[in-house]
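Participant: With the hints as extra help, turn the sequences into a complete structure.
Protein sequences, first through last, are from chains H and P. The numbering used here numbers the first residue of the first sequence as 1 and each following residue consecutively. The numbering used here numbers the first residue of the second sequence as 1001 and each following residue consecutively.
Treat the hints as calculated values from the structure; they're not laboratory data. Fair warning: there could be bad hints in the mix.
Claimed, not checked - With a straight-line cut-off of 27 Å between C-alpha atoms, the simulated DSSO-like cross-links for lysine-lysine are:
1) K1098/P to K1075/P
2) K1091/P to K140/H
3) K72/H to K140/H
4) K74/H to K115/H
5) K1058/P to K1085/P
6) K74/H to K1136/P
7) K1058/P to K74/H
8) K1058/P to K115/H
9) K1136/P to K1085/P
10) K115/H to K1098/P
11) K1075/P to K74/H
12) K1136/P to K115/H
13) K1075/P to K115/H
To be verified - Output of the computed footprint for chain H on chain P, the stretches with three or more beta carbons under 8 Å from beta carbons of chain H:
14) 1029-1036
15) 1074-1084
On a predicted model such as this, the values are computed, not experimentally measured, just so you know. Where a beta carbon is used, it is the ideal one built from N, C-alpha and C, also for glycine.
As a plain string of letters, each chain reads:
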Amino acid sequence: MRFIGQRRARQRGHAMIELAVSAAVMVSCVAGTVQFGYTFYVYNQLVTAVGNGGRYAAMRTYRAAGSRDIEKGKEAIRNMVVFGDSRPATGVAPQVAYLKPEQVQVDWVMDESGKPAAVNVSIIDYTVDAAFGMFRFTGKPAVEYPFVGRFAPSESEP
Amino acid sequence: MRVRRHKNERGFVLIAMSVAMVVMLAVMGLAFDFGRIYIAHNEAQVFTDAAAMAAASKLDGTDAGLDRARQAVAKLPMRWNLGTKSFSGVKVEFSPDKQSWARVTAPDNQVEITFLRAVGGPPTFTVPAHSVAAAKPVRLIE
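Facilitator: In structure tokens:
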């Protein structure tokens, strides 16, 4: 009887150690899955947002009466990336969690004659908080679209 | 009697763990590998969209226009695989009249599979993308 009792106690110890070891492996696997799965999901959303913004920028009329007009144009593009709308209503949620217009960079590439040839749209300094870890994206995702819109050097933004 | 039953239970955790591990790898594969595949597909699609637009904007009915269109596509700096790999084997095709539309295909973006390989998945998965753009698009944005 004493012998049986000892054996069961020993086995309980085994089970505890096995649980501890396997739980450590399992929990880290689950954590990794959640972390990478969510980060990839957000990155995919960013790629889509940046692509849509780039396409909008490419087709949009480039008005350049003054530097304020160029800046207003960029603001419309940033809003398109973040909200899917060039003039969003106040309080609209961004398409990608916690993305702000300041985290979108719009750069025009000009040709020799001073006309816009292409537009670069990229994400700068965006951090994904994936519960078990953080990922910071800066300079990516990025797109370059050719400018195919109307060039209006003497028009002002409405 | 009791002692013998305990003896038979030995190794159960090993079997349970190995089954759980296979399931776990499959779940991780779904999250990680499919995540990367979806991103690569999206990146390739955004690239071909921009490339088709760049090519179409250069078309003017001449062979020189076709050359300029091909150069415009080659010049695009966009990358895939989380923004690390440049596109290879990009195919640019044009309408027979050389001025209506351009089609860009990015055919061989092979995503390397990490976890699903362990449960019988293929070593790579190709996500092609293609886009067509008209040289004179209908302008919907002002």
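Participant: Taking the earlier hints as the rules, which of them does this structure contradict?
Facilitator: 9
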